[in-house]
Amino acid sequence: DVKVTQSSRYLVKRTGEKVFLECVQDMDHENMFWYRQDPGLGLRLIYFSYDVKMKEKGDIPEGYSVSREKKERFSLILESASTNQTSMYLCASTYTGVGTEAFFGQGTRLTVV
Amino acid sequence: AQSVTQLDSHVSVSEGTPVLLRCNYSSSYSPSLFWYVQHPNKGLQLLLKYTSAATLVKGINGFEAEFKKSETSFHLTKPSAHMSDAAEYFCVVSEGVYNNNDMRFGAGTRLTVKP
Numbered sequence: 003d004v005k006v007t008q009s010s011r012y013l014v015k016r017t018g019e020k021v022f023l024e025c026v027q028d029m030d031h032e033n034m035f036w037y038r039q040d041p042g043l044g045l046r047l048i049y050f051s052y053d054v055k056m057k058e059k060g061d062i063p064e065g066y067s068v069s070r071e072k073k074e075r076f077s078l079i080l081e082s083a084s085t086n087q088t089s090m091y092l093c094a095s096t097y098t099g100v101g102t103e104a105f106f107g108q109g110t111r112l113t114v115v
Numbered sequence: 021a022q023s024v025t026q027l028d029s030h031v032s033v034s035e036g037t038p039v040l041l042r043c044n045y046s047s048s049y050s051p052s053l054f055w056y057v058q059h060p061n062k063g064l065q066l067l068l069k070y071t072s073a074a075t076l077v078k079g080i081n082g083f084e085a086e087f088k089k090s091e092t093s094f095h096l097t098k099p100s101a102h103m104s105d106a107a108e109y110f111c112v113v114s115e116g117v118y119n120n121n122d123m124r125f126g127a128g129t130r131l132t133v134k135p
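Protein chains in written order, with this note's numbering: chain A, 3 to 115; chain B, 21 to 135.
Do not take every clue at face value.
Simulated restraints, written as ranges between beta carbons of each label pair [unchecked claim]: (1) Ser-23(B) / Lys-73(A): 15 to 21 Å; (2) Glu-71(A) / Pro-38(B): 45 to 51 Å; (3) His-30(B) / Arg-111(A): 20 to 26 Å; (4) Ser-50(B) / Pro-63(A): 35 to 41 Å; (5) Ser-90(B) / Thr-88(A): 27 to 33 Å; (6) Glu-19(A) / Thr-25(B): 31 to 37 Å; (7) Leu-40(B) / Val-100(A): 24 to 30 Å; (8) Ser-69(A) / Pro-38(B): 28 to 34 Å.
FYI, nobody ran anything at the bench for these hints, they're computed from the structure. Glycine included, C-beta positions come from ideal geometry on N, C-alpha and C.
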């Protein structure tokens with residue numbers, strides 16, 4: 003079974019904390035993505051990576067950074083968490099090719115208090 | 021970058037009547053297009069995809085979508101709605117290797133099915 007695993011299902015953090023969300027895939031996919039999902043806004047792309055150490059900004063990168071040191075792992079970092087970063091965070095991966103299906107993690111519901 | 025616009029945030033139909041969920045896309049290349057469904061408190065599931073082969077694409081659970089390049093549209097249809105179709109639907113565009121495999125979602129359409 004293909005698998006994308008996010009490190010936490012639920013997370014509660016305080017304002018100003020540095021937060022790490024981890025995502026691991028076991029499919030040897032080249033491409034990995036971080037989205038946040040908010041009601042009425044769909045999934046908005048934060049960052050994606052098409053290779054180790056490579057990253058591209060999505061639509062809403064402000065307040066976030068990412069790290070991809072190994073092909074299977076893609077980390078999302080909230081440098082200084084704020085209440086407006088309370089959201090559901092979804093990681094996805096795809097291999098490079100025409101029309102490749104995305105595989106998603108179970109999501110991390112982050113609450114910043 | 022590529023983008024998609026889902027023209028309706030909420031669609032309500034009666035069971036047994038047709039479903040139409042509208043999606044327009046913007047892309048500088050020949051994109052791949054997808055529809056995903058998300059049932060309440062569940063993960064995302066691929067319904068169907070278009071990859072420059074046949075313009076009419078059939079998916080799971082009786083859904084299909086038609087790629088119309090002249091209209092930059094990829095609308096999702098189903099002839100007869102079931103109660104189990106109630107969910108949120110997302111249209112997705114990818115330019116593949118032309119844009120480092122970037123993948124963008126629409127804002128979603130919530131489908132309600134009335135008995």
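Quick rundown of the hints versus the structure:
Hint check: Ser-23(B) to Lys-73(A), Cβ distance near 28 Å, so the stated range 15 to 21 Å is violated. At about 50 Å, the CB distance of Glu-71(A) to Pro-38(B) agrees with the hint of 45 to 51 Å. Evaluation of the 20 to 26 Å hint for His-30(B) and Arg-111(A) yields a pass: the beta carbon distance comes to about 23 Å. With their beta carbons about 27 Å apart, Ser-50(B) and Pro-63(A) fall outside the hinted range of 35 to 41 Å.
Judged by the Cβ atoms, the range 27 to 33 Å given for Ser-90(B) and Thr-88(A) is violated: they are separated by roughly 42 Å. Between Glu-19(A) and Thr-25(B) the C-beta distance comes to about 36 Å, which sits within the given range of 31 to 37 Å. Look at Leu-40(B) against Val-100(A): about 27 Å separates their beta carbons, and that is inside 24 to 30 Å. For Ser-69(A) paired with Pro-38(B), a C-beta distance near 47 Å fails the hint of 28 to 34 Å.
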